[in-house]
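Q: Chain by chain, the residues:
There are 2 protein chains.
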Amino acid sequence: MRVAIIGTGLIGASLGLAFRRAESVRTVVGHDADNANLATALTKGALDSATTNLTDAAENADVVVLAVPPSVIERVAEAVVPHMADGAVLTDVGSVKGEVVAAMERAVAGSNVHVVGGHPMAGSHEHGPETAMADMFVGATWLLTPTASTDQAALDRMTALVADVGAQPVVVDPKAHDLLVAVISHVPQLTATTLMTLAAERARKEDARLLLLAGGGFRDATRVAASNPEMWLQICQENSEAIVQVLDEYAARIGQLRMMLHDFDSERLSTMLTDAREARNAMPGKGGVSGQLVELRVVIPDAPGAIADITSTVSSLGINIEDIGIDHAPDGKRGQMRLAVNGFEAAEKAHEALGANGYEVLERAS
Amino acid sequence: MRVAIIGTGLIGASLGLAFRRAESVRTVVGHDADNANLATALTKGALDSATTNLTDAAENADVVVLAVPPSVIERVAEAVVPHMADGAVLTDVGSVKGEVVAAMERAVAGSNVHVVGGHPMAGSHEHGPETAMADMFVGATWLLTPTASTDQAALDRMTALVADVGAQPVVVDPKAHDLLVAVISHVPQLTATTLMTLAAERARKEDARLLLLAGGGFRDATRVAASNPEMWLQICQENSEAIVQVLDEYAARIGQLRMMLHDFDSERLSTMLTDAREARNAMPGKGGVSGQLVELRVVIPDAPGAIADITSTVSSLGINIEDIGIDHAPDGKRGQMRLAVNGFEAAEKAHEALGANGYEVLERAS
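Residue numbers (UniProt numbering), protein chains in the order written: chain A, 1 to 366; chain B, 1 to 366.
If you are wondering where the hints come from, they were derived from the structure by calculation, not from laboratory data.
Please note: incorrect hints may appear among the correct ones.
[Stated by the list, open to error] FRET-style restraints, in silico, Cβ to Cβ:
(1) Thr271(B) with Arg364(A): 34 to 40 Å
(2) Val171(B) with Ser316(A): 30 to 36 Å
(3) Ser266(B) with Glu59(A): 34 to 40 Å
[What the hints assert, rightly or not] Only part of the chain B face toward chain A is listed, based on derived beta-carbon distances under 8 Å:
(4) Leu54
(5) Val72
(6) Leu155
Backbone N, C-alpha and C define an ideal beta-carbon position, used for all residues, glycine too.
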């Protein structure tokens, strides 16, 4: 199989490294509008051949991967499609799919090229091919978004290719994809941002200690608010329609909650809290944990190696650590480590061993 | 100083143990409506003396701690106040303060007893004096809520007592306290519950894979949704006024955000994302971390002890782990460990050492 990668930045070059290891790929050709990027990708061994000519790269390709910004996708797609092999697959790596897939579909109209949009759920803060890695997609989910006009052979080819680089292919409709990522990623990002903004403004106007007193729950709930603003601005722009739709549903639910609190509707509140807890506990965890997770809170002495010593103490008992975290004391100087283990029996054993090693431990099941 | 503890459950009995170690306390007297609880607290060594008579317990006490449910606070306060020493302090341990402090203030009217509401930010899922521990309050923040009528000597006495059990006293007005905990704890709990409910219903109605694809961001944002529904129902009831007030502000901000997205107001969105990021990064962390945190994502091999080995590898380089966490792969079978270290230099060193030990590592600064 001949694969062309258009755009040899971090993702494109990592894909090149991964494809060159893959059994189903014979040749990897690369193109980038930036010659330096292209040369680096070639030097890194991410490509069999590199060309500064876009259409040459696509010539007779069985798969073309567009790893370019969404704003230029349609123009690039139009340029490459006429040169691709008969029955070839055109795909991309963007995190929003509806518009981009529609643009690619327009570009393949009248040809025998098939569009299968793609979204590898992997990445890094780094840019450019310098830090590309062949293992970037190992274990990651790779969403594939065929449309009604995509034929099965094209989808099968992409599914095999994705599995070949170690990722797990998951097929979903493009519009459903965009709603799905709005629910599990984009709206949670924006609600965390909103919560952080509200707390920060209240801290500024009313009491600066407010943020110093925030515990693990607040830290968890707002963690993603620290993400890259440029990246999120772009995602908001690309997926604004789906985000607004999900945000409207979210706002309606916040409104209902407000009424339950105002009227103190104990029954509805209780049902909501109970259902949410069940749903959260049912989310799959490491190794398919089924029992109740019990949390041990361990006071971390201010000594290097304490964290390693705590985790070793628990692991050496043959107890799996199912979740782990650190909460910081209000003064920022002390911390507690959260260790979740499976069931009360394991918690007791770990508790005892940590206590014997001089650690202060508090047990807590939420 | 003679201290009386009314209600010798987990918190009351733990307080007894802590007070009996404290230099400033001479005698700890306990009372509980449940004789078995009282006997256990006495057996555990949490009390110097136990009495089944409420007013006897309060007789000549310099400090009375009400560790009873908020519904009975006023009745119990009215019963004990006439028996307390001249200039004594009446306090409690509830997590909501406005109503409870007002009830205690009514009970002391006309006496020379001073009210200083208290909220130790510590606890456990366990109940009853059996699992009481003297160290429960070590390192915890203990909010104290004096009012305009509280004299300075009473506040000083409580401040010293709280410091004596190893906690950090923080003074705040009762109404401000309730808004503060609504912002940093109660509203984040309810927004996490709302997000979880929304995602779970969409997963049920549209695509069950939705929750399987949720990544670390969604898991963080919804973690507290797994908390105890009964406990939260009670908190919602006690603090509904402050929660509704903060929730209204939150809903207004969500509405503004919705308009920014709908009209795609790139400038305002960018400002909001940037400000929230700055505020989140400015939250105090362990040891007052000042540099940029860099995250290393390490693929966890499915072997016992892997987590301990990863943390030991980093710690043995003399690098402090500033934050730690586990994200689970969509299939629940694989996990990645997140390790945050201070600055790119430390990240590079850790990255190299982990790589040399055979771990797959991806570096990521958010």
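Q: Hint by hint, note whether the structure agrees.
A: Comparing the hints with the structure gives:
Look at Thr271(B) against Arg364(A): about 39 Å separates their beta carbons, and that is inside 34 to 40 Å. The supplied range of 30 to 36 Å is broken by Val171(B) and Ser316(A), whose beta-carbon atoms lie about 44 Å from each other. For Ser266(B) paired with Glu59(A), a C-beta distance near 38 Å keeps the hint of 34 to 40 Å intact. Checking Leu54(B) against chain A by beta carbon gives a least distance of about 30 Å; that is not within 8 Å, so the hint is violated.
Residue-level restraint check for Val72(B) is violated (minimum Cβ-Cβ distance to chain A is 19 Å; threshold 8 Å). Here the hint on Leu155(B) is broken, as its CB sits about 17 Å from the closest CB of chain A, past 8 Å.
The structure is inconsistent with the numbered hints 2, 4, 5, 6, although it conforms to all the rest.
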